[in-house]
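Trainee: For the protein sequence lines, the chains are B and Y, in the order given.
Plus 320 on top of the position in the first sequence (first one is 1) and you've got the numbering used here.
Plus 43 on top of the position in the second sequence (first one is 1) and you've got the numbering used here.
Since the hints were made in silico from the structure, they are not lab data.
Honestly, I wouldn't trust all of these hints.
What the hints assert, rightly or not - Covered by chain B, per the in silico footprint, the following chain Y stretches (three or more residues, Cβ under 8 angstroms):
| hint | stretch |
| --- | --- |
| 1 | 62-71 |
| 2 | 118-132 |
| 3 | 237-249 |
| 4 | 299-311 |
| 5 | 315-322 |
Said to hold, decoys possible - Not everything, but these chain B residues come out facing chain Y in the computed CB check (under 8 angstroms):
| hint | residue |
| --- | --- |
| 6 | H356 |
| 7 | D358 |
| 8 | V514 |
| 9 | H540 |
Keep in mind it's a predicted model, so treat the numbers as computed, not measured.
Where is the CB? At the ideal position from N, CA and C, for every residue including glycine.
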Amino acid sequence: MSHTSAAAGVAEAKAGEPLLAIRDLVVAIGGATLLHVDALDVPRGQIVGLVGESGAGKSLLQSTILGILPRHAVVGGSVRFDGQEIVGASDRTMRGIRGRRIAVVLQAARAALTPTLRAETWIDRALALHDVPGPERAARLAHALEAVRLDRALLRRYPHQLSGGEAQRVSIALAVALRADLILADEATSALDVTVQAEVAELFRELRQHEGTSFLLVSHDLALVAGLADQISIIAEGRILEQGGPEVLRHPSDPVTSALVAATPALPSARRELP
Amino acid sequence: MTGDPDLVIRATDLEVRYPGADPGSHPGLQLASLHIAPGDSLALVGESGSGKTTALRALLGLVRPSAGEVTFGGTPIATLKGDDLRAFRRAVQLIPQDTDGALDPRQTLGSAIGEGWRARGRVLDSLADRVGSPHREEEVVGALLDEVGLPSMMARRHPHEVSGGQRQRAVVARALAVSPRLLLLDEPTSGLDSTVQARILELIERLRADRGLGILLISHNLGVVARLCPTTLVLYRGEVVEEGQTDDLLGRPRHPYTAALRRSVPEIGLPFRMPWEPSPDAAGVSMLTGCRFGPRCPHALAEPCGSPQGLRSVGHPPRVVRCARSEDLGELDALG
């Protein structure tokens, strides 16, 4: 096999497997097993929703994927990202993945930005830290701004001068500029007004469609996850209880999922305008 | 209106201007009229910057209105002094959004709850006393914790030792310690899980029924609003754009902004709804001289949306709507 065809073979094999594949993952801290995930995949170009109550293990799972667990945490099993094992990977390896290939968008978007830096400086420095050369940085930023529909003038502002929705777009723009393959969105729209939430949710859908970005969407808003995600996993006490398409929330089989759905306050049924 | 007229809080032609605001700009808040009595339940909804929290602060007398007034039992609250002011402060209690910041991190929950009860003893209490003043503070705190569904051992805990839902319950217990008649709730369940939120909503409903409390709820969660409040006011950029029965208003909105809010809320089992696009004429509508929602409105026309909009009553049951096109547009599609 020639070198080129070998590379093509590897690429083909990679394309066949999920971008993120978690198998038999166990995380224990202080002797207590806090996370035990048998299997969870994020296929390429898909949005996977992870829902559960506080303390269910959602954030711990993200920390495991990012390799930022406390030093005394014991991790077993496998987390493969783009075909590469990242459980036990070196700090050097993780620095090349964390932030650049796996980006994080947090609930407190303004707190994620540096208060003393204008948004454009913040993005530029992050690109420089990830070894993106100067001339390319401007082109990537321009593309990212277009992708997240953010006015260039807003980038001259400091974080405190941005609204919650604008700060969230800046945070997402960095992920796009870094060409992140996977975005971990941790309650990314929870603090936003419903109208701004709808805009950010639509942005996620656009990024998936036009940029091929994959998402692990962590939220306690079941309806949002049901509307956005291709696949949904319900987590409680560190274990995945149920997995499936959006219909899993309409027809839950696990009592915990049923309780979560039942706890969501219903809206009065909307009627279309009469002819 | 229900309840004792002496306990009604009422805002009339209220306007609030923010310090340093451009004199040519709109006031930060304009409320034509609003009243809440014990037993009533009213919601204010709208996005950030719509004036919800300013309305709440004005009703508490924490900001001075630039026009109009807030009265309590018929007396302007700006003129209340001494025991009358203290009686107002006790009767109208705020449940803030940030329950973490609302509690002293060095004070136990029991001490925080007992403090309100101790302070109450300094003035003549003419209000119904549910807990009973002859009891010891420990018993009162235990009874209040029990009323909000917390075990009595929680009295010894500090705020950082309990969950967000438990903190929220403790803040409600502290408010109840002074036997209030009206609760002003500012996003009482934001940041809580849906199951915890459901339990807090049950608590608020039970307190309203058992104690006959009046409720003013501020929220951008329309599901919470629909659950707790039969009447809703929708605010946009400081003014009421629609007011009516909650089920009717959210089910069949008549103001384009209410419809936009409604369709922005995802629902299990319904397809994701894209954010709306403004109409081609919307860009020509000035927010300063015409409809404030005009520049974002999917139904805006250069005329009549270019002129200021007044509130008008339309439909059955009657709905108050601030839109010149409300008769043309009818009930709006909140799903499409």
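Trainee: Going through the numbered hints above, which ones does this structure break? Give me the numbers in ascending order.
Mentor: 1, 2, 6 and 7
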